[in-house]
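K.L.:
Sequence:
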Amino acid sequence: MSGVPTKRKRLQDMSPNVQRVSKATNPMLLPPPSSRSQSFQGYPHGSPKAKLRRTASLTLGDSQSLDRFIPSRHNSTTGKLESTTEAPHPNASPRTHIQVQTSKIYQRHVAEACGLDMNSRVLLYQPLPPERRKPHSLFNFEQSLASRAPASAIKPAAAYRRAKKIPTAPERVLDAPGLIDDFYLNLLAWSSTNLLAIGLEDSVYVWNASTGSVGMLCESANKSMVTSLRWSDDGSYISVGKDDGSIEIWDVDTSAKLRTLQFGHATRIAAQSWSKHVLTSGSRVGTISHSDVRVASHLSAEHKVHRAEVCGIEYRPDGQQWASGGNDNLVAIWDARNSTSPAFQKTNHKAAVKALSWCPYQSSLLATGGGSSDKAIHFWNTTSGARVNTIETDSQISSLNWGYADGIGMEIVATHGFPTNNISLFQYPTLQKTGEIVRAHDSRLLAGCLSPDQLTLATVAGDENLKFWSLFDLAKRRAGARDEDKENKEEPIENYMAFR
1 MSGVPTKRKR LQDMSPNVQR VSKATNPMLL PPPSSRSQSF QGYPHGSPKA
51 KLRRTASLTL GDSQSLDRFI PSRHNSTTGK LESTTEAPHP NASPRTHIQV
101 QTSKIYQRHV AEACGLDMNS RVLLYQPLPP ERRKPHSLFN FEQSLASRAP
151 ASAIKPAAAY RRAKKIPTAP ERVLDAPGLI DDFYLNLLAW SSTNLLAIGL
201 EDSVYVWNAS TGSVGMLCES ANKSMVTSLR WSDDGSYISV GKDDGSIEIW
251 DVDTSAKLRT LQFGHATRIA AQSWSKHVLT SGSRVGTISH SDVRVASHLS
301 AEHKVHRAEV CGIEYRPDGQ QWASGGNDNL VAIWDARNST SPAFQKTNHK
351 AAVKALSWCP YQSSLLATGG GSSDKAIHFW NTTSGARVNT IETDSQISSL
401 NWGYADGIGM EIVATHGFPT NNISLFQYPT LQKTGEIVRA HDSRLLAGCL
451 SPDQLTLATV AGDENLKFWS LFDLAKRRAG ARDEDKENKE EPIENYMAFR
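Mind the numbering: the sequence shown is residues 1 to 500 in the working numbering, read in order.
It should be emphasised that the hints constitute simulated quantities derived from the structure, not laboratory data. It is possible that part of the hints are untrue.
As the list claims (entries may be wrong) - As a list, the in silico DSS-like pairs of lysine-lysine whose alpha-carbon atoms are at most 30 Å apart: (1) 104 - 164; (2) 304 - 223; (3) 242 - 276; (4) 304 - 276; (5) 276 - 346.
Predicted model only: the values in this text are computed from it and were never measured.
Could you put together the complete structure from these sequences and hints?
P.N.:
Structure follows, in structure tokens:
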């Protein structure tokens, strides 16, 4: 019996942590074959070493292996309960914005019904930190904090009501034969006295929006083409820029030409803007000229900042600042009190900048729109020169105008050229698209301007049509003319006229 191994020895051989007996071990110490086969009968592979192995969790250097008894932290629900709905693109359709907002509200309601808070941890092993005390101030500090808080999205109900109010057909259509299909020209202008002027080839026609009458104001003697139009602030005079580099000033009441402004260049005037008695104009060679129309020697200052044609000039309503945009993709912001050089020069656009619009509700907010290679609207703080917001519209921008809608607030309307020919409305500052008129014209939109009451948008396109769209309603609400709105809805939508 001395040659038969003991039970302890047999257990030592079965343990993987005990060093194996070397091959030189005395064979007399090994169990006989019969006893070894009996002791390994329970193992299908013939050896206990195939079953008794170290667990993967004890192996060093294997970060992917996990212990089978300790739950993984990555598989637990200790993360935050967040909304899975992604924010839509600002240029997405109003229906898409409404659907996303509805989904977020539904998720929040489900979380509240389950006793959970959105953006809070499901499993939290530490107590919440104490809440910060609200500052005690005599100067309504909470209201100031609310004004600095980021803008929240529009409620789906308000967005849905706004989308239903967007017209699908124009309120009025006028025929404009002979309109020059040139993106860089500004051939449409609406005065403060409710007179709409349009340039058709070498002539200027005026439509009285109050009476509906149409008449020709002037016709060029030398058959030079009209390239830009702009009304004075009081609506008594209109300046007509021509492709020979001159500007004619006309009195609308008497239909008489008062004077002709000549400049050193002989290139077309594509952009103009008035500030009291000063007329600022831009030429095709990039020169910006200031003319004092009260004196014989009208030229008071000139600037050569743009390297290509100036196609947009706009004064701020208070006249303290003005902006210019050109075909060199440059936006220049000027201080009217010191116009020797621009206060800021912005090169963020990748195409010509024709669309310029100052916000009437925030004096230091300027919106600029780029051409077909840019398709973006940038918003600028003209006090600091910082860009505060951007909208990618995926379409050429020919004009920008600000308005105010009931239930929505401040909006900006953009007219588009290639490739959509649409009219888009965006709420500011949420940048959410609140309305869209698809294929507003059969050709690209060249210009757009608002009526004096800030309610109706007039658009003109290469299809030689001038269309009117009723987009905003704030002024009617302020006047309390709800009954008048109902009467206007009962009238026929389209009235067709012609300038010729």
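K.L.:
Now, for every hint given, state plainly whether the structure supports it.
P.N.:
Here is how each hint holds up against the structure:
1. 104 - 164: Since the Cα atoms of residue 104 and residue 164 sit roughly 22 Å apart, the hinted pair holds (cutoff 30 Å).
2. 304 - 223: Answer holds: residue 304 to residue 223 is near 29 Å, not above 30 Å.
3. 242 - 276: Judged against 30 Å, a Cα distance of about 22 Å means the pair holds.
4. 304 - 276: 23 Å, holds
5. 276 - 346: 27 Å, holds
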